[in-house]
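J.: Numbering follows the numbering used here, with no gaps: position 105 of the sequence shown is 96.
No wet-lab data here; the hints were simulated from the structure. A few of these clues could be false.
Cut-off 20 angstroms, straight-line C-alpha distance, at most; resulting in silico cross-link-like pairs (SDA-like, lysine to any residue) [claimed, not checked]:
1) Lys101 - Leu234
2) Lys44 - Leu(-1)
3) Lys101 - Leu(-1)
4) Lys144 - Pro191
5) Lys144 - Arg195
6) Lys101 - Arg195
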Amino acid sequence: MSIPIIDLDSVDSTNLEARRRIADGSLADGAIVTAREQTGGRARRGRSWTSPKGNLYWSRVAFPQPGCPPVWGLSMVCGLAVLDLARAALPAEVPVALKWPNDVLVAGGKLAGILLESGEQDGRPWVICGIGVNLVSSPPTGQLYAAADLASKGATAVDRDRAVHDLAALFDRRLAAYLTGGLPAIRTAVLEHLGGIGGPIIARITDDPADDVAGTLRGLDDQCRAQIVTADGTVRAISAGDLFFGTPVRQQPG
């Protein structure tokens, strides 16, 4: 069965276009909205996502059914699909890892942005899995992590049109595994590629650094929350936020 793909030249945001098409009833489950450029790309926490031509801007629509695993697990499905895309394109010696919950790091640089949005239309729940992947250029992330793109890390013959279809197939494979195995399956898959376990980590859970949680990354609990062991031995379960590898720099008094 072919995947319905709406391929546009330019759009403000593929997620916003998907929302508009959900509202007018023109999108089926599994439909993908993609564009060659975005003029108003968005990332988490209201950040912008710079979207020049040549990179991948891609949003997949799902209409979850009763009894499905939690919708928020699709965030990790997205991360795993992007990781698969990167691993297939890059030389074997280039390190590719996940930074919880869904960042894909290539040689330490952030490769993609992922934004999930959800709502209801006429009583029917929907979720949009928005993914932007740096294929040939690396716009700044606006975060502590440098950006990375596949071409500069050694991928050859990077083709945006092919990537649209490759990501669709990889996403559907990871989604099928999640729908079958639920949170235990996604936890196992993420842990296989998770970077930073056993090392120092900082969790930024709000925009105020005073709320940061610092410690050692232990892994994931059964709800796929990041587990951080703090200096006093307490295990904190982090359900949302940005993780940064390394020890925080504390301002000295005086």
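J.: Does each hint hold? Answer for all of them.
T.: Hint check results:
no., hint, result
1, Lys101 - Leu234, "holds (12 angstroms)"
2, Lys44 - Leu(-1), "holds (12 angstroms)"
3, Lys101 - Leu(-1), "violated (25 angstroms)"
4, Lys144 - Pro191, "violated (26 angstroms)"
5, Lys144 - Arg195, "violated (28 angstroms)"
6, Lys101 - Arg195, "holds (17 angstroms)"
The structure shown violates the earlier hints numbered 3, 4 and 5.
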